[in-house]
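Engineer: Residue numbers (my numbering), protein chains in the order written: chain A, 1 to 112; chain B, 1001 to 1116.
No wet-lab data here; the hints were simulated from the structure.
Yeah, the Cβ is synthetic: ideal placement off N, Cα and C, and Gly gets one too.
Hints are supplied without guarantee of correctness; some may be wrong.
One-sided excerpt, in silico: chain B residues whose CB lies under 10 Å from chain A [what the hints assert, rightly or not]:
1. S1015
2. G1016
3. S1031
4. S1042
5. M1044
6. E1051
7. S1094
8. T1098
9. A1102
10. E1103
11. L1105
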Amino acid sequence: QQQVRQSPQSLTVWEGETAILNCSYEDSTFDYFPWYHQFPGESPALLIAIRPVSNKKEDGRFTIFFNKREKKFSLHIADSQPGDSATYFCAASAGNNNAPRFGAGTKLSVKP
Amino acid sequence: SVLLYQKPNRDICQSGTSLKIQCVADSQVVSMFWYQQFQEQSLMLMATANEGSEATYESGFTKDKFPISRPNLTFSTLTVNNARPGDSSIYFCSSRGTGGRAETLYFGSGTRLTVL
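Chain B extracted, bound-state conformation:
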């Protein structure tokens, strides 16, 4: 398995500001995925981040709004630029496990963002 440490756990910010979310894995993983979840709704894939290359964004998400960095195999950051109340949701980093658990998707603890 893989453990993903995410911070901050929650944050409140003003509209128009930016917030950075960090995700650290306890082992090297090829891909990290970022998901957005609105209250009691589905997990929407935002982007896939691989080391040393630009993140691949899903429809509805852009790198200008949600820039993602992946400087090494254990770390990734997601930034929410020009935050709006509609960005208020939970953001999860995730990755597949290692070894015999490579099929399983593991999630970080999530960052609950509230934009005022």
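In isolation and in its complexed conformation, chain A is listed as follows:
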């Protein structure tokens, strides 16, 4: 089921640094690329998402960079805060009714 590849598996940054999480995919029919975050003991929740018509999507400190040609997309978390410490999942889906396929996840730790 690993249709979406995600790296690194874990990442530690200092408070204030930019964390960069990477994903890639193979299926050209994918047309929606969300990032979810999950805190311990909680359900995943949508953080930010992008469609291939754009190569960049920003929401506050969170930015998705999308490269359609290389089938890669990344999440940049600027000015990382200890409260950002969580597991982040990239995902991809095709069409309006299909379930997203998730990457393996990146466990982010932000040290104060």
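Chain A is already provided as a structure; the job is to place chain B on it using the hints.
Structural biologist: Showing chain B alone in chain A's frame:
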């Protein structure tokens, strides 16, 4: 958005027994999806359930082991048959939102299953 209520929140069962997980949405949704998540690992799509039709299962999941019902647009159940310790994980129901939030996938609170 859509709210998904899942129960039980957690359960412990003996090997060989069956467990049923219920998921109720606060609004009508076309598809419900079931995901399995092992401790701190990825979310694996198990199946897609649409009203009035058999669920569509992903590779590695079967209807004999994980039968799913979807009797109406707000309800679904997942059963874990002949539970084994390897089934110990968290099971999430999910669905896309409604209206302007139709792209977003929402999750229930999850059912943490431990099989002894």
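Engineer: Taking the hints in turn, state whether each one holds.
Structural biologist: How the hints compare with the structure:
Restraint check, S1015 (chain B) versus chain A: the minimum CB separation of about 25 Å is more than 10 Å; hint violated. Because the beta carbon of G1016 (chain B) sits about 27 Å from the nearest beta carbon in chain A, more than 10 Å, this interface hint is broken. A cut of 10 Å between beta carbons decides the hint on S1031 (chain B): the least distance to chain A is about 5 Å, and the hint holds. For S1042 (chain B), the interface hint holds, since its Cβ comes within 10 Å of a Cβ in chain A; the closest pair sits about 5 Å apart.
For the restraint placing M1044 (chain B) at the interface with chain A, the shortest Cβ-Cβ distance is roughly 6 Å, inside the 10 Å limit, so the hint holds. A cut of 10 Å between beta carbons decides the hint on E1051 (chain B): the least distance to chain A is about 12 Å, and the hint is violated. Annotation: S1094 (chain B) was flagged as interfacial toward chain A, and the flag holds, the nearest CB pair being 8 Å apart, inside 10 Å. Of the supplied interface hints, the one on T1098 (chain B) is violated, with its beta-carbon coming no nearer than about 12 Å to a beta-carbon of chain A, more than 10 Å.
Of the supplied interface hints, the one on A1102 (chain B) holds, with its beta-carbon coming within about 7 Å of a beta-carbon of chain A, less than 10 Å. The interface hint given for E1103 (chain B) holds, since its Cβ lies 6 Å from the closest Cβ of chain A, which is under the 10 Å cut-off. Nearest Cβ of chain A to the Cβ of L1105 (chain B): about 6 Å, under the 10 Å cut. The hint holds.
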